[in-house]
Amino acid sequence: MGNRKNKSRSQKRKFIGNRYTERTKPLDVPTVSEQKLKTTSVSFENIPSKDDKMSGNRIFDVEILRSVFSCLCCPSCLSVNLQLTEDSIFGLSSGMTLKCKKCMFVYAFQSTRKANEMNDINL
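The working numbering numbers the first residue of the sequence shown as 20 and each following residue consecutively.
In short, the hints are calculated from the structure, not lab data. Heads up, some of the hints might be wrong.
Heads up, simulated DSSO-like pairs for lysine-lysine below, C-alpha to C-alpha not over 30 angstroms straight-line [unchecked claim]:
id, residue 1, residue 2
1, Lys57, Lys72
2, Lys57, Lys133
3, Lys72, Lys133
4, Lys133, Lys118
5, Lys55, Lys72
6, Lys133, Lys55
7, Lys118, Lys72
Have a look at the derived ranges for each label pair, beta carbon to beta carbon [stated by the list, open to error]:
id, residue 1, residue 2, range
8, Ile83, Tyr126, 17 to 23 angstroms
9, Asn141, Gln102, 23 to 29 angstroms
10, Thr40, Met137, 46 to 52 angstroms
Source: prediction; values computed, not measured. Here a beta-carbon is modelled for each residue, glycine too, at the ideal position from N, C-alpha and C.
Working from the sequences, and respecting the hints, build out all of it.
See below:
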């Protein structure tokens with residue numbers, strides 16, 4: 020009796036989903052990754068020519084910049100004694116001071132722009 024299956028009882032049907040609702044077609048909206056790749060893709064049109072203004076961030080050796088500033092003349096006394104010193108470091112940004120060794124000329128600046136009291140390069 021236990022081994023014999025009841026013929027009146029059929030096997031339970033498996034659920035295959037709701038066949039009576041319409042399926043939505045996938046939209047042709049690009050993913051976020053696809054959008055980022057399109058905006059950051061390198062094209063030859065975006066390469067600046069010699070006539071364009073230089074802007075943006077660059078990586079450079081501070082010693083090279085220091086040697087360039089030492090060759091320039093002071094705007095106050097016109098002597099060639101400018102000295103570049105790094106006063107503070109904030110992540111990738113630096114606070115620098117340009118001083119003349121002969122006169123009292125001092126010019127302090129940040130190596131990057133600030134956005135909401137944060138350095139632009141550190142965002």
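Against the structure, the hints come out as follows:
Note on Lys57 and Lys72: the hinted pairing holds, with a Cα-Cα distance of about 24 angstroms set against a maximum of 30 angstroms. Distance restraint check for Lys57 and Lys133: the Cα-Cα separation of roughly 28 angstroms lies within the 30 angstroms cut-off, and the hinted pair is therefore satisfied. For the suggested pair Lys72 and Lys133, the alpha carbons sit about 20 angstroms apart, so the restraint of at most 30 angstroms is met. With a C-alpha separation of about 23 angstroms, the suggested pairing of Lys133 with Lys118 holds against the 30 angstroms cut-off.
Proposed proximity of Lys55 and Lys72 is supported: the alpha carbons are some 25 angstroms apart, at most 30 angstroms. In summary, the hint linking Lys133 to Lys55 is supported, as the alpha carbons are separated by about 24 angstroms, within the 30 angstroms threshold. Straight-line distance between C-alpha atoms of Lys118 and Lys72 comes to about 27 angstroms, which keeps the hinted pair within the 30 angstroms bound. A C-beta distance of roughly 19 angstroms is found between Ile83 and Tyr126, which places it inside the suggested range of 17 to 23 angstroms.
A beta carbon spacing of about 26 angstroms between Asn141 and Gln102 agrees with the range 23 to 29 angstroms that was offered as a hint. A hinted range of 46 to 52 angstroms for the beta carbons of Thr40 and Met137 is consistent with their spacing of about 50 angstroms.
Checked against the numbered hints above, the structure violates none of them.
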